[in-house]
Structure formats: C-alpha cells, structure tokens
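There are 2 protein chains.
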Amino acid sequence: MNYPNGLKKTTKGTINYGNRGMSLEDDINITNEYYRDNDIAIIYKKPTPITINHVDFPNRMDAVITEAHFKIPSTTDYNGIYRGKYIDFEAKETTSKTSFPLANIHRHQIEHLKKIAEHGGIGFIIVKFTKLNRIFLLMIKDLLTFINLNNRKSIPLEYFIKYGKEIKITLRPRIDYLKYVEWKEND
Amino acid sequence: MNYPNGLKKTTKGTINYGNRGMSLEDDINITNEYYRDNDIAIIYKKPTPITINHVDFPNRMDAVITEAHFKIPSTTDYNGIYRGKYIDFEAKETTSKTSFPLANIHRHQIEHLKKIAEHGGIGFIIVKFTKLNRIFLLMIKDLLTFINLNNRKSIPLEYFIKYGKEIKITLRPRIDYLKYVEWKEND
Numbered sequence: 001m002n003y004p005n006g007l008k009k010t011t012k013g014t015i016n017y018g019n020r021g022m023s024l025e026d027d028i029n030i031t032n033e034y035y036r037d038n039d040i041a042i043i044y045k046k047p048t049p050i051t052i053n054h055v056d057f058p059n060r061m062d063a064v065i066t067e068a069h070f071k072i073p074s075t076t077d078y079n080g081i082y083r084g085k086y087i088d089f090e091a092k093e094t095t096s097k098t099s100f101p102l103a104n105i106h107r108h109q110i111e112h113l114k115k116i117a118e119h120g121g122i123g124f125i126i127v128k129f130t131k132l133n134r135i136f137l138l139m140i141k142d143l144l145t146f147i148n149l150n151n152r153k154s155i156p157l158e159y160f161i162k163y164g165k166e167i168k169i170t171l172r173p174r175i176d177y178l179k180y181v182e183w184k185e186n187d
Numbered sequence: 001m002n003y004p005n006g007l008k009k010t011t012k013g014t015i016n017y018g019n020r021g022m023s024l025e026d027d028i029n030i031t032n033e034y035y036r037d038n039d040i041a042i043i044y045k046k047p048t049p050i051t052i053n054h055v056d057f058p059n060r061m062d063a064v065i066t067e068a069h070f071k072i073p074s075t076t077d078y079n080g081i082y083r084g085k086y087i088d089f090e091a092k093e094t095t096s097k098t099s100f101p102l103a104n105i106h107r108h109q110i111e112h113l114k115k116i117a118e119h120g121g122i123g124f125i126i127v128k129f130t131k132l133n134r135i136f137l138l139m140i141k142d143l144l145t146f147i148n149l150n151n152r153k154s155i156p157l158e159y160f161i162k163y164g165k166e167i168k169i170t171l172r173p174r175i176d177y178l179k180y181v182e183w184k185e186n187d
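Chains A and C, in that order, give the protein sequences.
Here the first sequence stands for residues 1 to 187, where the numbers follow my numbering.
Here the second sequence stands for residues 1 to 187, where the numbers follow my numbering.
If you are wondering where the hints come from, they were derived from the structure by calculation, not from laboratory data.
Pairs of lysine-lysine, DSSO-like flavour, derived with a Cα cap of 27 Å:
1. A:K115 to A:K179
2. C:K71 to A:K71
3. A:K46 to C:K141
4. C:K45 to A:K141
5. A:K71 to C:K46
6. C:K46 to A:K46
7. C:K115 to A:K179
8. C:K45 to A:K115
9. A:K115 to C:K115
10. C:K46 to A:K115
11. A:K114 to C:K46
12. A:K46 to C:K45
13. C:K153 to C:K141
14. C:K141 to C:K45
15. A:K45 to C:K92
16. A:K45 to C:K114
17. C:K114 to A:K179
18. A:K45 to C:K115
19. C:K114 to A:K46
20. C:K115 to A:K46
21. C:K45 to A:K71
22. A:K45 to C:K141
23. A:K153 to A:K97
24. C:K45 to A:K114
25. A:K114 to C:K179
26. A:K45 to C:K46
27. A:K71 to C:K92
28. C:K45 to A:K45
29. A:K92 to C:K45
30. A:K45 to C:K71
31. C:K46 to A:K92
32. C:K92 to A:K46
33. C:K141 to C:K115
34. A:K46 to C:K71
35. A:K141 to C:K46
36. C:K179 to A:K115
37. A:K92 to C:K71
38. A:K92 to A:K153
Let the hints inform the model, and build the full structure from the sequences given.
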C-alpha cells in the first residue's frame with residue numbers, strides 16, 4: 001500500500017497530516033455562505049435531528065431543553081437550490097488513507113439520494129480523506145454502481161479518483177463543489 | 001366583522017371550532033409521507049434547530065443532550081423536490097378568525113422564500129385558521145405583494161380568499177397542497 005511521500009503508518013502521532021485547519025463541515029458551511037452571499041445558490045445544512053424529552057420553561061422567553069437524544073437522520077445533511085435545480089448531498093470524513101467505509105453513510109440516506117435523482121434532482125456525496133487532505137465528489141449514480149457491483153464494505157480511494165471528481169481547496173469559496181456538480185451534470 | 005354562522009367571539013370556551021383532530025404540522029407530515037410512499041414528491045420537515053450546550057455520554061451508544069436551547073430558524077420548515085422542481089414552504093396556524101399576524105413568520109424566513117423564487121424554486125406559505133378550520137396556500141409573490149403594499153401587521157382572511165388557494169381537507173392525502181401549487185405554477 002502506498003502512502004503519500006513514503007509516509008509510514010508507524011509515524012502516526014509524530015506527523016499529523018489530518019485535521020489541518022477546518023473540518024469538512026466547516027468548509028462546506030463557509031462555502032454555502034459564500035454561495036448565498038453571492039447569489040449563486042441557496043443551500044443550507046439541516047439542523048441535527050433530535051428527540052426532545054424534556055423542556056424547562058423558567059420564563060416565557062427562555063425555554064431550556066434538559067433532556068434530548070440524537071436521532072438517526074432520515075435524509076441527508078445538505079439541500080437547496082442551484083440554477084433552478086434541487087441539490088441534495090451528504091458529506092463525510094474518513095481517517096482511512098485507502099478507502100471510505102460505507103458504514104459511514106446510513107442505508108436510508110443512500111436510498112434518499114437515489115429517490116432524489118429519480119425525481120430529477122442532483123444527489124451526491126462529498127468525502128474527505130482527512131489524512132490525505134483530499135476531497136472527492138461522487139454522484140449518486142456512481143455510488144449506486146459501486147454498491148450494486150461490489151460486495152465490499154468500503155469504497156477504495158481509486159474508485160473516487162476514477163469515477164468521482166477531486167475538489168481542489170481554494171480560498172474563496174473554500175470548497176467550490178458546485179463547479180464539479182455542473183461538470184457531472186453536463187457529462 | 002363577520003364570524004361564520006353568526007358565531008360570536010364571546011362563545012369562546014363553550015364552542016370550540018379549532019383543534020378538531022390533528023395539528024397542521026401533523027397533517028402536513030402525513031401528507032408528505034403519502035407523497036413519498038406514492039413517489040409523488042420527496043418533501044420533509046426539517047429538524048427543529050437547537051444549540052447544544054451539553055452532552056452526557058454514559059456509554060458509547062447512548063449520548064444524552066442535557067442542555068440545549070431553541071434557535072431562531074434561518075430557513076423554512078419544509079423543503080424538497082416535486083416534478084424536478086425545488087419546493088420550499090412554511091406552515092403556520094393562527095387562532096384568529098379574521099387575519100394572520102405577520103409576526104408569526106420571521107422576517108428572514110420571508111426573505112428566504114423570496115430568494116428561492118428568484119432562483120427558480122417554488123416558495124409559499126400554508127396558513128391554517130384553526131377556529132375556522134380553513135387552510136390556505138399563498139405563493140411567496142402574493143405574500144410579498146401584500147407586504148409591499150400594506151403597512152398592516154396582519155394579513156386579512158379576505159386576502160387569502162382572494163389571492164391564495166383554499167386547501168380542502170381530504171382523506172388521503174390529508175392536505176393535498178401540491179395540487180394547488182401546480183395550479184399556481186401554471187397560473
């Protein structure tokens with residue numbers, strides 16, 4: 001297995017190639033803000049789904065949730081509109097240097113993206129290999145092709161290189177992912 | 001001011017015309033489920049936005065949020081895709097029999113719907129007058145027209161009757177609102 005620059009797994013702890021700067025989520029949120037501010041697209045991250053069990057009302061204006069639990073999301077994290085098109089995607093990081101574990105995405109999130117594509121929307125995933133500092137966009141059709149043709153529990157980096165689009169990190173916007181969606185749409 | 005069937009305001013408490021059966025939110029959620037199950041549209045309610053202040057991890061699998069606060073939503077409650085079109089709306093109930101108070105909708109939610117329309121999406125509000133048991137759909141353009149031409153802090157029922165579409169409550173789906181969006185789209 002090749003590691004970049006001949007870096008060996010055993011150097012873990014001394015040289016850290018991951019978590020340079022911001023998380024993928026931060027980068028995407030900043031990018032979406034840029035898209036909105038410049039009237040390019042209206043895309044938001046959905047709030048984290050929770051089940052609220054108990055709320056205290058010390059006064060009218062200040063309700064405090066004192067017990068709640070995280071729920072498994074039924075959809076993806078991001079959606080919105082771009083050039084009149086419905087956009088829907090999920091973003092995930094992996095610390096693996098060689099493959100993206102499919103367990104990182106819930107089965108019904110993949111089903112959701114499949115439905116979106118069937119209804120004429122644009123669905124995809126964005127995956128960051130944090131230790132390689134490489135980010136890829138993979139359209140739902142290519143994700144489904146992989147799942148249908150393989151019994152593997154993770155998608156190799158090579159598959160992203162071949163069938164996805166590598167997103168270059170730039171200054172503004174940070175992660176101009178819509179550029180790559182456009183490319184795929186005209187594919 | 002005319003009340004339906006000559007009902008007077010003073011009968012409040014003895015005759016309850018509101019809250020028969022389910023809330024508007026329940027009705028819309030059931031309708032969206034129907035739309036998804038029948039492959040008509042993929043529309044979901046977004047989770048309630050909260051700020052999480054503290055989480056306990058008694059064990060790996062069961063995180064408990066022990067302190068959180070409600071946030072003012074930056075977007076609307078519902079969005080999704082219908083016939084390839086991006087759909088976005090907010091749903092509100094009012095106990096008033098004569099008008100819908102604009103204070104019920106945040107200013108930036110209206111701005112958000114305006115943006116959606118500018119980007120080629122379909123934006124609207126659904127308002128239920130619970131005591132009249134009447135539900136109306138009002139496209140964002142008609143909402144903006146009212147706001148721009150009036151200094152009033154509430155939209156009279158008459159405006160909904162004239163410029164909105166009244167949604168009839170049916171068995172399945174409960175509130176077939178997309179039928180009225182379609183009508184407005186071809187308008």
